[in-house]
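Chains as they are written, first to last, in our numbering: chain D, 1 to 353; chain V, 1 to 353; chain P, 1 to 353; chain W, 1 to 353.
There could be a bad hint or two in this list.
No copy labels: a pair is met if it fits in one copy or bridges any two.
What the hints assert, rightly or not - Computed list of lysine to any residue pairs in SDA-like fashion (alpha-carbon distance at most 20 Å, straight line):
hint, residue 1, residue 2
1, K86, E341
2, K260, V235
3, K260, D177
4, K148, L338
5, K213, A192
6, K233, S278
7, K197, E39
8, K197, L288
9, K197, P50
10, K93, F74
11, K197, G54
12, K47, Y212
13, K216, E286
14, K47, L199
Please keep in mind that the hints were generated in silico from the structure rather than gathered at the bench. Please read these numbers as outputs of a predicted model, since none were measured by experiment.
There are 4 protein chains.
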Amino acid sequence: MSSKVRVVIYGAGGYGGVGLVENLLNHPGVEISALVSREGAGEAYFKLYPHLRGMMDQEIEHAETFEPEGRGDFVFFSTPDGVGQKIASRYLKCGYRIIDFSGDFRFNNPKTYEDYSAWQQGKTEHACPELLNDCVYGSPEWNREALKMAQVVGNPGCMAISCLLALYPVSQPSLIDTDSIVLDVKTGISGAGKKPKALFHFPAADGNSYAYKVGKHQHLFEIEKHLSLWTEKEVVVSFTPHVIPAVRGILSTCYCKLDKNVEFSQVNEAFTKAYAQSPFVHYQGEALNELIHARGSNQCRLSVNYVERNHSIVITSVIDNLQKGQSGNAVQVMNIMLGLEETHGLTQYSRYP
Amino acid sequence: MSSKVRVVIYGAGGYGGVGLVENLLNHPGVEISALVSREGAGEAYFKLYPHLRGMMDQEIEHAETFEPEGRGDFVFFSTPDGVGQKIASRYLKCGYRIIDFSGDFRFNNPKTYEDYSAWQQGKTEHACPELLNDCVYGSPEWNREALKMAQVVGNPGCMAISCLLALYPVSQPSLIDTDSIVLDVKTGISGAGKKPKALFHFPAADGNSYAYKVGKHQHLFEIEKHLSLWTEKEVVVSFTPHVIPAVRGILSTCYCKLDKNVEFSQVNEAFTKAYAQSPFVHYQGEALNELIHARGSNQCRLSVNYVERNHSIVITSVIDNLQKGQSGNAVQVMNIMLGLEETHGLTQYSRYP
Amino acid sequence: MSSKVRVVIYGAGGYGGVGLVENLLNHPGVEISALVSREGAGEAYFKLYPHLRGMMDQEIEHAETFEPEGRGDFVFFSTPDGVGQKIASRYLKCGYRIIDFSGDFRFNNPKTYEDYSAWQQGKTEHACPELLNDCVYGSPEWNREALKMAQVVGNPGCMAISCLLALYPVSQPSLIDTDSIVLDVKTGISGAGKKPKALFHFPAADGNSYAYKVGKHQHLFEIEKHLSLWTEKEVVVSFTPHVIPAVRGILSTCYCKLDKNVEFSQVNEAFTKAYAQSPFVHYQGEALNELIHARGSNQCRLSVNYVERNHSIVITSVIDNLQKGQSGNAVQVMNIMLGLEETHGLTQYSRYP
Amino acid sequence: MSSKVRVVIYGAGGYGGVGLVENLLNHPGVEISALVSREGAGEAYFKLYPHLRGMMDQEIEHAETFEPEGRGDFVFFSTPDGVGQKIASRYLKCGYRIIDFSGDFRFNNPKTYEDYSAWQQGKTEHACPELLNDCVYGSPEWNREALKMAQVVGNPGCMAISCLLALYPVSQPSLIDTDSIVLDVKTGISGAGKKPKALFHFPAADGNSYAYKVGKHQHLFEIEKHLSLWTEKEVVVSFTPHVIPAVRGILSTCYCKLDKNVEFSQVNEAFTKAYAQSPFVHYQGEALNELIHARGSNQCRLSVNYVERNHSIVITSVIDNLQKGQSGNAVQVMNIMLGLEETHGLTQYSRYP
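Construct the complete structure from the given sequences, taking the supplied hints into account.
Written out as structure tokens, the structure is:
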């Protein structure tokens with residue numbers, strides 16, 4: 001017991017928090033040492049999530065008063081933009097390594113964060129810019145080595161990782177026309193979090209679908225940064241998120257024109273090769289790629305269709321937004337950071353909501 | 001045009017309000033003369049309900065400042081308990097006839113209202129008890145004559161009317177054991193109204209079902225009052241509402257033991273006879289009774305199964321909670337009050353949500 | 001009564017058939033003179049569709065033995081590819097005018113039909129090619145005049161009309177780069193028809209979503225023919241249909257790069273102007289465009305977002321696949337053909353499924 | 001590895017089969033030695049269930065030609081009534097112990113089976129009546145000891161076990177009036193199996209609910225047998241199954257009148273005591289009992305509300321029909337039979353469908 005890594009979940013009340021709890025309950029190498037949240041503070045965790053009665057009866061500690069010193073070795077900040085950056089230094093001083101779920105540590109230089117922040121929210125100063133240069137983007141599939149030594153990791157945005165896993169194999173080097181990429185994303189409603197809102201009220205959401213934040217979603221910035229890095233060009237993509245009436249999952253349809261001299265067989269090879277070492281990414285060729293086949297698991301499932309008529313490919317990427325898109329990926333990254341088996345805690349399915 | 005009855009919808013912002021609008025838009029004998037609401041006040045109605053753009057562009061007037069004088073002939077109070085009773089007198093003085101959607105005018109004597117109120121909310125005084133003796137319960141199926149002259153009508157509770165339509169044929173006179181009636185009600189989520197809440201957040205509501213307010217729901221009181229009246233006994237029933245993951249509709253399963261000397265053929269006859277003149281109640285014998293067959297319409301669909309093993313019947317009653325359970329029934333009652341064709345405004349389907 | 005147009009519904013058993021019935025029940029100028037189908041033949045129509053009990057008790061006549069002579073003036077073939085073309089001549093000889101719901105009469109010359117057929121199914125001969133030159137594509141929005149005199153009309157494919165209504169304003173003349181159009185379509189499951197299949201079994205379909213027939217769907221051909229005609233170029237588009245877990249509706253997201261010299265204000269004007277006379281097409285500027293706002297109605301709702309970053313527009317088009325995408329549009333076309341009010345039979349909502 | 005118990009899954013293609021696979025994949029004490037099915041025979045298992053690609057690539061063997069000899073130690077017959085009884089003897093001769101998922105081995109004497117069969121299907125002969133006297137009903141909660149030595153176990157019906165777990169604490173001895181028990185069951189659609197049917201076609205099933213097999217469902221027989229045994233009276237109950245538009249789960253609402261001299265505190269004690277040793281049964285007092293809190297897990301969650309007005313209780317029982325109602329319970333029983341930890345293979349969630 002004493003040899004287990006002690007993990008603090010900061011922001012345990014939301015969907016990100018309960019996803020971490022579900023995954024870590026079955027993890028052989030870590031123990032949850034503290035659940036920290038505003039919501040439900042002072043009560044047993046199962047009061048918030050009754051399905052965990054008997055499995056997680058630990059009391060929730062209040063975010064305002066929680067003292068991290070000596071309480072753990074590792075912390076997840078399952079919090080929105082602007083929270084993690086305010087408390088990260090304090091946790092680092094107490095010896096924690098950190099995975100943050102927001103945009104706070106996804107960009108490893110102050111200038112890029114400034115651009116992100118400006119574009120996104122109109123405010124530009126990071127609370128601890130000195131940490132940015134060493135923070136690592138939490139994508140095991142291309143950052144495995146860097147993650148091993150990372151102190152602070154920015155867990156990817158759910159839609160971003162969905163699209164980036166689809167595009168990585170054909171962007172490095174680029175097999176596609178980077179001027180005409182279209183990313184059409186369909187997300188389940190749990191991606192909007194746990195807070196009730198008019199658009200997510202069951203009678204308004206059932207059977208409904210719509211595009212939102214067209215050309216403006218914050219994950220777009222994250223995607224373009226990576227594509228630009230990989231292809232060594234300034235890439236601008238079309239990116240439209242849509243809500244569909246499902247609880248969990250993201251289906252991203254990525255339209256790419258192949259470069260003239262590229263053949264589809266090269267694409268096939270690129271996908272097969274890119275993820276040969278990645279236990280959670282499944283390349284399925286042209287197979288039908290169903291959203292529910294990733295539901296609950298940490299998998300990313302990729303299919304690619306070649307369209308000869310305009311020498312283009314359509315990549316479909318399927319993940320569970322709360323697993324590979326959030327807490328499952330975070331646990332995978334933690335495993336890498338701690339030198340544990342990459343699949344620990346991720347061989348079962350997550351369940352709520 | 002000038003001969004049309006002018007209707008005010010007070011509480012136009014909620015589901016009851018939009019249901020009235022949808023029904024009345026196709027009504028040949030009335031016109032909507034004012035839409036009154038707190039929500040959306042000062043804006044065109046289609047801002048609240050975009051599907052009505054081009055069909056209902058009228059501006060919403062604020063509930064606090066609306067002056068009824070001269071603005072209409074008829075008013076619907078689509079408001080919760082406690083609102084209608086405060087403003088009814090004023091509307092009556094201006095010459096309006098009234099249909100109220102809450103429990104405020106469902107009991108036609110002050111004593112019963114006091115009991116209802118006491119049992120339900122712990123407060124006991126009605127704001128205008130002098131109106132109670134003449135108010136009429138809005139059930140066309142057994143109150144058609146009384147409704148013709150009524151000035152104030154209490155529109156039935158959605159679950160109450162669903163069960164009462166099922167029980168009326170076997171209670172008048174009683175063919176059943178009134179000591180062992182069990183009413184198991186399944187309701188779609190729109191019955192809880194338009195306001196987002198944690199239990200109705202799509203990720204929490206999808207695929208979910210549960211019993212609530214066991215033995216305590218306010219509609220239970222309404223049901224027992226009628227059964228007691230019809231059977232001339234003090235009837236106490238078991239009544240449990242359940243939420244099911246559907247937007248619209250109520251399916252009530254009513255378990256009744258037949259009196260020893262009663263044969264099933266008598267039940268069959270009672271149902272056939274009871275609703276022979278009721279255009280919206282369909283008795284289907286033992287046919288499968290599906291919730292979606294009433295969706296959007298003002299119908300109540302009834303099936304009855306006889307179970308020989310314990311000489312009992314299982315009555316299933318299917319309605320749309322927002323139509324026969326609310327605004328559709330109210331329009332039907334209005335038609336009766338105004339001497340119009342009972343089906344006017346109700347030959348098409350309601351649609352939102 | 002005798003002055004009403006007598007309408008035969010051939011293929012009354014499917015979703016197209018019941019949609020026609022629901023729309024025509026409220027139509028002041030026509031009467032349903034025969035319901036023809038294999039499914040349910042010999043039984044009252046409400047046996048197939050119990051929600052219509054009391055409204056449509058007419059008996060279904062068997063498709064194999066039905067004799068059209070003298071039975072009607074107008075016929076809808078709500079049948080799949082290959083059926084209408086075999087029986088059209090016979091109905092024409094009996095004086096009927098025809099609207100066919102399949103691809104049989106969507107292409108007004110034999111050569112194009114041959115291409116469609118070859119590409120689609122591998123067979124190439126039309127059963128009555130002599131009718132093709134005079135058949136008219138059933139889109140009121142740009143073919144109103146031609147439809148007035150048409151004898152045979154091909155009702156558009158549901159996804160085709162959804163996309164074409166989105167693209168028509170910017171294609172005539174072209175304001176967009178026709179080489180990079182991407183059409184990402186999300187359709188509700190009723191689009192697949194009434195027949196149960198493994199992918200549409202509730203447990204497999206609930207919460208699910210996937211792309212299918214990538215670059216191969218039959219409606220793609222229909223779309224490209226129109227775009228090529230309008231822009232006078234050979235247009236090839238990227239087109240991917242997706243299933244989403246909704247019963248009704250199509251949401252099409254259309255990605256178009258604007259030509260360099262085109263400003264967004266021109267796009268706005270083009271949309272406003274294109275549909276000024278079209279009672280069922282609503283242009284909403286940048287408003288959120290929700291699928292359920294068209295549910296049950298014959299509307300097409302269009303929103304357009306301008307994305308300055310790559311000088312592109314994202315058009316979202318929302319229809320009910322069974323109304324504007326099928327039977328509602330067909331009734332609208334019939335009204336035009338018969339010189340009736342274009343909105344007759346279409347001011348209420350369709351309801352099943 | 002060689003010390004693991006080798007398990008054959010006969011009927012691996014259906015929902016029962018995939019549930020067993022998901023549960024056993026994480027089981028430390030057994031290995032799946034053969035997957036037997038008609039559906040998918042000759043192909044890798046993940047072709048049927050793509051979400052298991054990489055986790056269960058084993059080939060499916062054909063049910064007609066599979067030879068059990070030497071292939072395993074334990075077999076699950078995940079098959080409908082009438083299949084297991086034909087092959088059980090052969091498997092027993094090869095040394096297998098058996099859990100059957102149908103009604104074939106739920107009644108431990110030929111007479112009772114005859115009654116069940118007669119009542120249910122009109123045929124009366126069991127294929128191997130000699131096995132019936134020693135078969136055990138697979139309910140760990142009251143048959144734990146008997147199961148340890150059982151050779152043939154009848155896994156309970158999903159609705160039966162849902163109700164029996166609710167009623168067991170108050171029936172042994174009886175605290176309730178056994179003449180007026182009403183069991184109103186709501187089941188998700190996966191309970192009807194994997195085969196597509198008209199009523200379960202997504203457009204027909206979404207938002208729908210109905211009662212079926214009123215007073216005739218086969219699980220009723222199973223329930224009454226146990227109640228009669230426990231209370232030592234001939235018990236006849238009212239039992240109505242309903243479909244609700246959810247994929248997984250059973251919510252049973254059980255109405256019981258308390259005997260006059262019984263106080264609610266006794267009921268509370270009875271529930272607390274009855275399941276003190278049962279790791280998967282959670283008694284929650286009066287807590288809201290939500291269907292999704294059992295989704296995916298092997299839990300049965302029980303709440304009890306006391307209704308003073310008619311001295312009755314309403315017990316709600318929530319299970320996942322495919323886990324505690326089927327494969328999860330079967331794995332639990334297997335663990336008991338094999339002397340393994342009762343929770344092995346059941347600490348994670350099942351996921352498909």
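The hints, checked one at a time:
1. Neither within a single protomer nor between protomers do K86 and E341 lie at most 20 Å apart by alpha-carbon distance, with minima of 31 Å and 46 Å respectively.
2. With identical chains, the CA atoms of K260 and V235 are at most 20 Å apart both within one copy (19 Å) and between copies (18 Å).
3. Taking the closest pair of Cα atoms, K260 and D177 come within 20 Å of each other both inside a single copy (9 Å) and across two copies (19 Å).
4. For a Cα distance limit of 20 Å, the shortest separation of K148 from L338 inside one copy, 7 Å, qualifies, whereas the shortest one across copies, 43 Å, does not.
5. Taking the shortest Cα distances, K213 and A192 sit within 20 Å of each other inside one copy (13 Å), while across copies they are farther apart (30 Å).
6. Taking the shortest Cα distances, K233 and S278 never come within 20 Å of each other, neither inside one copy (27 Å) nor across copies (45 Å).
7. Taking the closest pair of Cα atoms, K197 and E39 come within 20 Å of each other both inside a single copy (17 Å) and across two copies (15 Å).
8. Taking identical chains as interchangeable, the C-alpha atoms of K197 and L288 lie at most 20 Å apart only when they sit on different chains, with a minimum of 15 Å there against 33 Å within one chain.
9. When the C-alpha separation of K197 and P50 is checked against a cutoff of 20 Å, the pair qualifies only between copies, where the shortest distance is 18 Å, while the shortest distance within a copy is 22 Å.
10. Proximity of K93 to F74 under the C-alpha cut-off of 20 Å is restricted to the intra-copy arrangement: shortest distance 12 Å within a copy versus 55 Å between copies.
11. Neither within a single protomer nor between protomers do K197 and G54 lie at most 20 Å apart by alpha-carbon distance, with minima of 31 Å and 27 Å respectively.
12. Taking the shortest Cα distances, K47 and Y212 sit within 20 Å of each other only across copies (18 Å), while inside one copy they are farther apart (34 Å).
13. Taking identical chains as interchangeable, the C-alpha atoms of K216 and E286 lie at most 20 Å apart only when they sit on different chains, with a minimum of 13 Å there against 31 Å within one chain.
14. In the homo-oligomer, the alpha carbons of K47 and L199 lie at most 20 Å apart only across protomers (14 Å), although the nearest pairing inside one protomer, at 26 Å, exceeds that limit.
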